[in-house]
Amino acid sequence: MNCTELSQCIELYGKAIYSFCWQLTKNQSDADDLYQETFLKATELRQRIDPDGNPKGFLFSITLRLWKDRRRKLARRQRIAPTEALSEETDCVCTDELTPEEIVLSHELCEWVWRAADNLPERYRVPLYLYYTADLSVEQIASALHIPQGTVKSRLHHARKAMKQDLEARQYERA
Amino acid sequence: MNEHDLDRLLRQALSPAQVPSKALNQTTIDRIKERKTMSTSNHKRFLSVALAAALILALSLTAFASWRLLSARDAAEKATGNTALAAAFESEDAVAINKSIDSGDYHFTLHGIVTGEGLSDFASSADYLQSDRTYAVFSIARQDGSAMPSSQDENYGDPPFFVSPLIKGQKPWQVNIASMNGGYQEIVSDGVLYRLIECDGIEMFADRGLYLCVSTSSFYDTNAFDYDESSGEVRANPSYNGACALFDLPLDVSKADPEKADAYLDALLSPPEEPEPESQSDADWEAELANGTVIPGSEKEVTYDELGMAHYSFDGAEVAIDPSMLFAEGQTGPSEFPHEFENDGKRIAVQFSRDENGVITAKSILLS
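Chains A and B are the protein sequences, given in the same order.
Here the first sequence stands for residues 13 to 187, where the numbers follow the working numbering.
Here the second sequence stands for residues 5 to 372, where the numbers follow the working numbering.
Just so you know, the hints here were simulated from the structure itself, not pulled from any lab data.
Glycine residues also receive a C-beta, built at the ideal position from the N, C-alpha and C atoms.
Incorrect hints may have been included.
Sample of chain A residues with no beta-carbon within 10 Å of chain B, all distances over it, derived [said to hold, decoys possible]: (1) N66; (2) P67; (3) S149; (4) V150; (5) E151; (6) Q152.
Here are the simulated lysine-lysine pairs, DSS-like style, with alpha carbons at most 30 Å apart [said to hold, decoys possible]: (7) B:K172 / B:K264; (8) B:K172 / B:K259; (9) A:K80 / B:K175; (10) B:K37 / A:K80; (11) A:K165 / B:K367; (12) B:K304 / A:K80; (13) A:K80 / B:K26; (14) A:K80 / B:K350; (15) A:K68 / A:K27; (16) A:K68 / B:K37; (17) A:K165 / B:K350; (18) A:K27 / B:K37; (19) A:K80 / B:K367; (20) B:K367 / A:K68; (21) B:K350 / A:K176; (22) B:K350 / A:K173; (23) A:K173 / A:K68; (24) B:K259 / B:K103; (25) B:K37 / B:K103; (26) B:K82 / B:K37; (27) A:K68 / B:K26; (28) A:K27 / B:K26.
In isolation and in its complexed conformation, chain A is listed as follows:
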């Protein structure tokens, strides 16, 4: 893959990768850094990226690797400002055509989902983000994480089950 094709990857996959960076880092500055580092690392590895293969999965695997390298620093920042992800800056998009009460509920639900997702073990959380945030197929997630498709399905199942239990518990508490 040459530099031009890599630049085209930014147009094709930039939004999905950036969203994934956001979910992992929970703040714009780190998401920007992680996003840019992903493509610069891909530039170094571009000879190994097959444009006809699964470049999207390869790019996400780079993002993951870089994020894991930086995880401890990021985790420290998140402990300092754990609610940043819930600020107005991170408003979710599920608020169209809702009444004010429903918007409040929607925000609350979104917060619950974020918190529930953040509480998941990493092995379940990452496939969840790749599936719902980055919109990767099971096959692409398997490629990015270097695990079989069956394992991806299993982890997504566990993640959804845990999310459901968490959300239902919150709804019960709220009621």
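Following the hints, put chain B in place on chain A, whose structure we already have.
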């Protein structure tokens, strides 16, 4: 809440609300084309290279038309737009070198070198070690006079060039521009590629002997240079299947600082600091690994394909991965990220390890 509602809620709540700004995308594209920070991966590479018939590498001082070339100052200014840095190449502290070596299809010229503080705001690492930085202007031209590809060209960056200072007595695959917080910027002017490299200050090593190497590779290539462990000397390999050259860096010996140099190398070559406590999930995962059982006969050295991907397979478990995705710079011991498989209800983790010689092995661990 049924599965459909849950799926809809997750898709809505977790779907992208943030997009990269146009400025971020443009900056990223510009950096892809114009400026590539050096890889943090400076480990000795073990690519299985099918060596074709050895090419004779003609290393010779040359009478290349030097009038074609920009001065170090002009090249630095064009590459960076930083007039202060450019002017430094004409200061008293600068060393004008202007020596050339031909190798393969290329004519390499080392223009000059300077060390100073605060000349640029670039630092490629958060673990940036010191304030003084060394900068060198280097140019690459084709011997046949054809133009080097510019950043607008399709074949820009092909072949890649690795340009780095080396220190006599230090293993060059360990101590080079990548490990010394280095980076570069480059431009093509009148068909000549000018690269301004920078890294942590190397004047402190002036009494040891310094080189500047160049090879047609992305990283330090052990095939391009021979390192004599007993003498500490580095030599360009005339049988290298590409272009390579080695320049002496005649720095002022009076600027050497052995104490500072030793401290720097200690910091550079020492094992990474103890990690902070892992999160609960990571600790669980590590405990699972520790309590797992290594499957007898599963431990073996990985193999490499022509792209340098490491391959491991055992009893249905197959992994093919870029080694730089497994190990950080200088990292030895087990990889941080085992690969997990499920087979007939059994959970198996494939754990990679790298020894101090760079040999990567993998084993399968049956998880309880």
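Taking the hints in turn, this is what the structure says about them:
N66 (chain A), annotated as away from the interface, keeps every beta carbon of chain B farther than 10 Å; the closest lies near 12 Å. Look at P67 (chain A): its CB is around 14 Å from the nearest CB on chain B, clear of 10 Å, so calling it non-interface holds up. Interface exclusion of S149 (chain A) from chain B stands, the closest Cβ pair being 14 Å apart, more than 10 Å. Under the 10 Å C-beta cut-off, the non-interface status given to V150 (chain A) relative to chain B holds; the minimum distance is some 14 Å.
At roughly 16 Å from the closest C-beta of chain B, the C-beta of E151 (chain A) stays outside 10 Å, upholding its exclusion from the interface. No Cβ of chain B comes within 10 Å of the Cβ of Q152 (chain A); the nearest lies about 16 Å off, and the non-interface call holds. A threshold of 30 Å between alpha carbons decides the hint, and for K172 (chain B) with K264 (chain B) the separation of about 16 Å falls inside it, so the pair holds. At most 30 Å may separate the alpha-carbon atoms for a hinted pair to count; K172 (chain B) and K259 (chain B) meet this at roughly 16 Å.
Simply put, K80 (chain A) and K175 (chain B) have alpha-carbon atoms about 28 Å apart, close enough for the 30 Å limit, and the pair holds. Simply put, K37 (chain B) and K80 (chain A) have alpha-carbon atoms about 26 Å apart, close enough for the 30 Å limit, and the pair holds. With a C-alpha separation of about 24 Å, the suggested pair K165 (chain A) and K367 (chain B) falls inside the 30 Å cut-off, and the hint holds. Straight-line distance between C-alpha atoms of K304 (chain B) and K80 (chain A) comes to about 26 Å, which keeps the hinted pair within the 30 Å bound.
Restraint check for K80 (chain A) and K26 (chain B): satisfied, since their Cα atoms lie roughly 26 Å apart, inside the 30 Å limit. For the proposed pair K80 (chain A) and K350 (chain B), the alpha carbon gap of about 26 Å is at most 30 Å, so the pair holds. For the hint pairing K68 (chain A) with K27 (chain A), the CA-to-CA distance comes to about 12 Å; that is within 30 Å, so the pair holds. Only pairs whose Cα atoms come within 30 Å are accepted, and K68 (chain A) paired with K37 (chain B) is accepted, the gap being roughly 20 Å.
Of the pairs offered as hints, the one joining K165 (chain A) and K350 (chain B) holds, with about 16 Å between alpha carbons and a cut-off of 30 Å not exceeded. Distance check on the hinted pair: K27 (chain A) and K37 (chain B) sit about 20 Å apart at the alpha-carbon level, within 30 Å; holds. Distance check on the hinted pair: K80 (chain A) and K367 (chain B) sit about 22 Å apart at the alpha-carbon level, within 30 Å; holds. For the suggested pair K367 (chain B) and K68 (chain A), the alpha carbons sit about 28 Å apart, so the restraint of at most 30 Å is met.
Between the alpha carbons of K350 (chain B) and K176 (chain A) the distance comes to roughly 26 Å, so the proposed pair stays at or under 30 Å and holds. Between K350 (chain B) and K173 (chain A), the direct Cα distance comes to roughly 21 Å. Compliance with the 30 Å bound is thereby established for this hinted pair. A hinted pair counts as satisfied when its Cα atoms are at most 30 Å apart, and K173 (chain A) with K68 (chain A) qualifies at roughly 27 Å. In summary, the hint linking K259 (chain B) to K103 (chain B) is supported, as the alpha carbons are separated by about 22 Å, within the 30 Å threshold.
Restraint check for K37 (chain B) and K103 (chain B): the C-alpha separation of about 28 Å stays at or below 30 Å, so the hint holds. Of the supplied pair hints, the one linking K82 (chain B) and K37 (chain B) holds, its CA atoms being roughly 15 Å apart against a limit of 30 Å. With a CA separation close to 20 Å, the supplied pair K68 (chain A) and K26 (chain B) stays within the 30 Å bound. Proximity of K27 (chain A) to K26 (chain B) is assessed by CA-CA distance (about 11 Å); at most 30 Å being required, the pair is judged to hold.
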